[in-house]
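S.K.: Chains as they are written, first to last, in our numbering: chain A, 1 to 415; chain B, 416 to 830; chain C, 831 to 1194; chain D, 1195 to 1558.
Just so you know, the hints here were simulated from the structure itself, not pulled from any lab data. Incorrect hints may appear among the rest.
What the hints assert, rightly or not - Some chain C residues flagged as far from chain A (calculated, every beta-carbon gap over 10 Å): (1) E858; (2) E1071; (3) G1170.
What the hints assert, rightly or not - Mimicking EDC-like on lysine to aspartate or glutamate, the simulated pairs with C-alpha atoms at most 20 Å apart in a straight line are: (4) K745(B) - E837(C); (5) K1338(D) - E1403(D); (6) K784(B) - E1390(D).
To be verified - Beta-carbon label-pair distances, calculated as ranges: (7) K282(A) - M1142(C): 26 to 34 Å; (8) G82(A) - E1313(D): 35 to 43 Å; (9) V1232(D) - G819(B): 57 to 65 Å; (10) K822(B) - E949(C): 53 to 61 Å; (11) P366(A) - G819(B): 20 to 28 Å.
Using N, Cα and C, we set each Cβ at its ideal position, and we do this for glycine too.
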Amino acid sequence: MDLNYGAEYDDFRKDVQAFCKEYQGVSFKSESNDNEMSDALSGSSVNKKAAKEVTRSEWQKILIEKGFIARAIPKEYGGYGGETDIIKSRIIATEFSKAKVPGGMGGQGIDMLVPTLLEWGTEEQKQQYIRPTLHGEMIWCQGYSEPNAGSDLASLQTKAELIDGNWVINGQKIWTSTAQYSQMMFCLVRTEPEASKHAGISFILIPMETPGIEIRPLVDMTLKAGFNEVFFDDVTVPEENIVAKRGEGWSVANSVLGHERGSLADPNATMNRLNTLINMMKEQTIDGRRLIDIPSYRDRLMQVQGKVMASQAHSLRLLSSKINPGQNVKLGGMIQKLVGTELRHELEGLAIDVLGEIGTLYEDSPYLKEDGSFQFTYMYFLGLIIGGGTNQIQKNIISERGLGMPKEPKVTEAS
Amino acid sequence: MDLNYGAEYDDFRKDVQAFCKEYQGVSFKSESNDNEMSDALSGSSVNKKAAKEVTRSEWQKILIEKGFIARAIPKEYGGYGGETDIIKSRIIATEFSKAKVPGGMGGQGIDMLVPTLLEWGTEEQKQQYIRPTLHGEMIWCQGYSEPNAGSDLASLQTKAELIDGNWVINGQKIWTSTAQYSQMMFCLVRTEPEASKHAGISFILIPMETPGIEIRPLVDMTLKAGFNEVFFDDVTVPEENIVAKRGEGWSVANSVLGHERGSLADPNATMNRLNTLINMMKEQTIDGRRLIDIPSYRDRLMQVQGKVMASQAHSLRLLSSKINPGQNVKLGGMIQKLVGTELRHELEGLAIDVLGEIGTLYEDSPYLKEDGSFQFTYMYFLGLIIGGGTNQIQKNIISERGLGMPKEPKVTEAS
Amino acid sequence: MFFGLSEEQEQFHDYVKKFLTDNVTVDEIRKIASGEDVALQQEIYGGLINLGINALLVPEEHGGLGADLLSAVAVAQGLGAGVGPIPFAGAYVMAPIALNLAGSEAQKKKYLSQIVSNETKFGVGLSEYVAAREDAGIDLSGDKANGKALFVIDGDEADYFLLANKGGVLFLVDAKDQGVEVTKLTSVDKTRSYLELTLKNVIAEVLPESEKNPEIAKKVLDAGRIIFAADSLGASESMIEKAVSYAKERKQFNRVIGSFQAVKHMCAEMASDLEPCYAMLWQAAHSFDHSPEEARLQACQAKSHISEVAKMVSKKATEVHGGMGFTDLLGLHYWFKRIGLNRQLLGGPELIREEAAEIQGFNQ
Amino acid sequence: MFFGLSEEQEQFHDYVKKFLTDNVTVDEIRKIASGEDVALQQEIYGGLINLGINALLVPEEHGGLGADLLSAVAVAQGLGAGVGPIPFAGAYVMAPIALNLAGSEAQKKKYLSQIVSNETKFGVGLSEYVAAREDAGIDLSGDKANGKALFVIDGDEADYFLLANKGGVLFLVDAKDQGVEVTKLTSVDKTRSYLELTLKNVIAEVLPESEKNPEIAKKVLDAGRIIFAADSLGASESMIEKAVSYAKERKQFNRVIGSFQAVKHMCAEMASDLEPCYAMLWQAAHSFDHSPEEARLQACQAKSHISEVAKMVSKKATEVHGGMGFTDLLGLHYWFKRIGLNRQLLGGPELIREEAAEIQGFNQ
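Chain A on its own, in the form it takes in the complex (with noise of 0.2 Å):
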């Protein structure tokens, strides 16, 4: 066990340190599509008074010059163009969130295409649409899901046919987060009809401006966060903006489906959001009585934090088993989606209840907590508990890939 990441990275650590100061208090001249949740979500508190006014993309270009993201990404594609280094990536996430300096954009276009594109795109592909979108300037969404293919996604009916050199598209996605501010959507289509359930898939690129395109809003039960119906009607683009190919696609998307999987339920989030709801019984009371000093309360509360410390240090666990290749840790990262959302979910669930009535709260009044965000995120984390592959999916995938137990027998025809 060794919890020091040595010297180079202290000096790293100040460098990052140093950055933090300088631009403390930095926020954004106002874009559109910021959450207005996205801090519950991840756990920090709202910087609300700002000193210095950046867009989004300019603080993105500032970020990538100093490697701070996009660390990996070659230079000819708008990247640092440096190593990997988890380690460093830990330390900028970790001082980011102390100074409450914001961090890079994330999202499913820096989050998932590029790395997509990186292992499969071509040349063009990559010259194409990297930079952009590192620089905050081509916003992603993605057409996985269908109506009836959630769970189930290999079953997705969506068309693609090649006319005259070009796709052309019909069908419907669902779940589409960002789609109403995307200029871009990566999509899953079924270009081989006679093909086997995964084989006949495609990964294509779609410009979201394209005639045919119908986006509408899906509400949920926050009645806040924007997922999107997106339907497509004889939607055309053109024959390279297939990624791998033909047939590829079930692969293309699987190489970095993990990856989201693993960063619905971020423990560091999870902990800042303990130590906000362990402040609020410190200073809320019932009957004058401080919250924490009723004892069914702080003992759920305890229970709540020994997961919790679990959980950061099994991410510490993983970490460490990204730079020590020896160290075997499979089962380790499949559980990270349920265990982090199901303990999330737990968490505000419990927020809630200390604030008894108070916490039933919901969008505007003078005796909301956290701006009401307790119901919101439990609500939220309900819909990534289902989201991402449901957590029955989750306990397929462990009990099969991770303990090598026997799939269930395949059925063939609907019962």
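For chain A, the structure is supplied; the task is to place chains B, C and D on it using the hints.
M.R.: Here is chains B, C and D on its own, set in the frame of chain A:
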């Protein structure tokens, strides 16, 4: 809602009370097949100082004569010859329990074989077996499960062939409680190897003295309760020992199986155990603090109490549904085994936890509380969660028969 | 001996459930929750008033139906099942019970008959009596009330508010009194009203028996808790029904998802935990009228236990619906939120379990 | 940066686990638990002493290996995995740590080297310090101790007992002292020793630093709790392994039961809850040596959280085994009982969570 039983029953209750007063302090001349933990299981406290002594069999006859047991069984077979009246049964149970007067014998002969014979038996079988069984002179054990036929009972392989007017039986049974004390076994055997799984089974009565039977005690995790394995090597019994027709054994068994499942966790016994636990938590201390004054223990106690109260009220509703034919509580009956065994296991686990290190003591120690029965019962009810159709099987039944959900698609080949 | 809802109570329940199923589709709930269609809400309200839910608990001598609490439970189960967007627990259960138990003869005569005629509506605010949050709390001196009452229920069109001070003295204030300032609070459950009252030197009309007997306020509280438990039970029942029927239709992997053991077992677990709650709830309501010595404990345990079961159901039923459960399309979340609000009203499970222990003398 | 067991620690762990798997079959555990084969137990004990588990935590200057607590955790995981029927947590973790932190130079010199040579064995009884049950408790006046210590661990062949009074003063008593009366207690877990001591005017050899610094007793307690958590984690790991492999072999309904979603999900739930416990445990052990300011909270949380997870695992793994899980045939219950005893030793989860809150200043 009407919780009164009416004047007739008030009178009956007085009769029962008078009887209980007369026999208060009755105890049994020692016979062998008492389970030392049976009181903990039934939730009652043991009446150790006894005034009157009778044999088990004498006591059975007294109770039958009064109509307190075997009430609806015809006189000609040794019963009381009255009508089924579950309110009277409940009054008897309540008053006997209050006065700590022992009830009638249970066991698989009286609870399962007698109703089976009444429904399916020939006149000769009824004449021959019911009376001695009711009188406690003929003890029965049940030969159903086999090592490879547990949850999937219908796949049982113990074979009976009809040779020269005799059934010749070979095979093995497991989980046979009281086999070592029994005069008789009722047994499911495969008589029609060509028929389908369920249609190939017959129900046969086997005297335990028959040569070729070997009983091996099966020690369980409590190291106490008495299960056995029973081996059959050319065990030969007369052709007329079959109940109903060849191949009807599955139907015969199922006609009384539901009864056993419901009786595995009596809510009144659970309530008695809860009261035992509460009293103990008032008496025992940690660093001078009463256990019941430790808020996190108390909160768990209150949670369990809520469940126990719900179970007890539910049992009244089930009772009501039996005497008021219009009342439909189909699902209500199905859940009893699942809910009851889990609750009891949880309750006993709570008792162990509040006792802490004292709760880990077992078998013999001056510090044992309630004879160490919490540990015993904690394990025993884990056994019941598994036995009598595991709680996973129960959930299948509840979802399929109770909620009308589809069966899992059948798989014909082993994977 | 009969343990259960009487035929009449069953009918009441079925009528309410059916009325809401027929008249209040998810689209309509959505309009009501967003405040878009107030007329519709009034229409539904009127329909249920026609059934007599307002007169249910008013004694016959004051023109009511003189029914017992179990009848109100039957109605509340139906309201929960259909997320009925109308006042009930406060206006038509707690208020008439309080007036009947604690009011003077003159007060009873005046107000109870007005409840029956629906001329006068009561909002109810006992939150500070149960557990005061923030700087809330009401000071009652003589016939003047000052302070703040949070989480007043059923108060949207109230003519009077029934309130209590910390000592359990019940009193009425006139909504038109100049010193009464009303602020709307928004909860997750927008099908029901939620108010904050600020009282400045407001005339308080005390219900005199409550001054003499502090048990009366507790009794009113018991009734409210039993009704919210009934509401959550009804909502849970609907969520399970919806989950089971969705699972029988939705196909994935060439099978209806209801044929997967994981989905079946989730449904079985919900049903198994909910099923005993019916009897628990009915027994509590029955005891309220017929075995008062058992009623307080049963009311506390019913509220806390059913709240816990309902929370589990609201999560699992949503999960069974997959992504559709998370959207607004099926509107499943209205039931989820109804259960969420009921859980906290008049005390969350932990606080009520503390009370349950106290009732039994377990707290030193 | 490396988060995990070092290669050497892994080897220690694997050696212990393998040694027990190879040498201690279920039949042998059964004989040891029933007291039938004491020689076998001695042989196993000897084998593990040969590995040096006794010398592990003794500083090098006293002839020991001078290893850190994480190394002891590696051993304890292995012992839990194989229900190792030998003394460890008390004799070779808590005793050397107590002696090293609280002993005088003379005491260290004398006793620590005797631990290394295994001439002297220590039983440990801190139960009364943690939470006194019944009329237990030790009164220490000058160099005389009186009273009763329950649940002394590792004491079967002890030459000395390490005890504490309520104030956390640690002291040794000689097992041969006439005033020491030893009674065996039987717990569910018969693979480990459990004693009651009655002390009448017994000579108490105080470890002097513990008088000056009450934090030392807490530190000894932390170490013990971390070790019992490690033992439960190892036992849980084995139970999951056994459940998974049983489910892959056992057939019902023409399928291996491990292909049923219900069984698969039970296994996935066990594995998912256990997996983060490794890191939690290792971090606590690491902090014990390297970040003492974080160690107490981490030790408390590791003990209570892992105890809860292990309880769940012990139930579900037994259920996956069906009837066979309930019998003595596979001996699965030895792991079940090991987890059951560990859970209560040095404080059950609720009591320890109270402490965890206190450490953070959450209790008023």
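S.K.: Taking the hints in turn, state whether each one holds.
M.R.: Checked hints:
1. E858: At about 16 Å from chain A, E858(C) clears the 10 Å cut-off, so the statement holds.
2. E1071: holds (19 Å)
3. G1170: violated (6 Å)
4. K745(B) - E837(C): Distance of about 18 Å is within 20 Å: holds.
5. K1338(D) - E1403(D): Holds, at roughly 18 Å.
6. K784(B) - E1390(D): Measuring from Cα to Cα gives roughly 16 Å; hence the hint holds.
7. K282(A) - M1142(C): 26 to 34 Å: Cβ of K282(A) to Cβ of M1142(C): about 29 Å, so the range 26 to 34 Å holds.
8. G82(A) - E1313(D): 35 to 43 Å: At 59 Å between Cβs, range violated.
9. V1232(D) - G819(B): 57 to 65 Å: This hint holds: roughly 60 Å between Cβ atoms.
10. K822(B) - E949(C): 53 to 61 Å: Holds - the Cβ-Cβ distance for K822(B) and E949(C), about 57 Å, lies within 53 to 61 Å.
11. P366(A) - G819(B): 20 to 28 Å: violated (49 Å)
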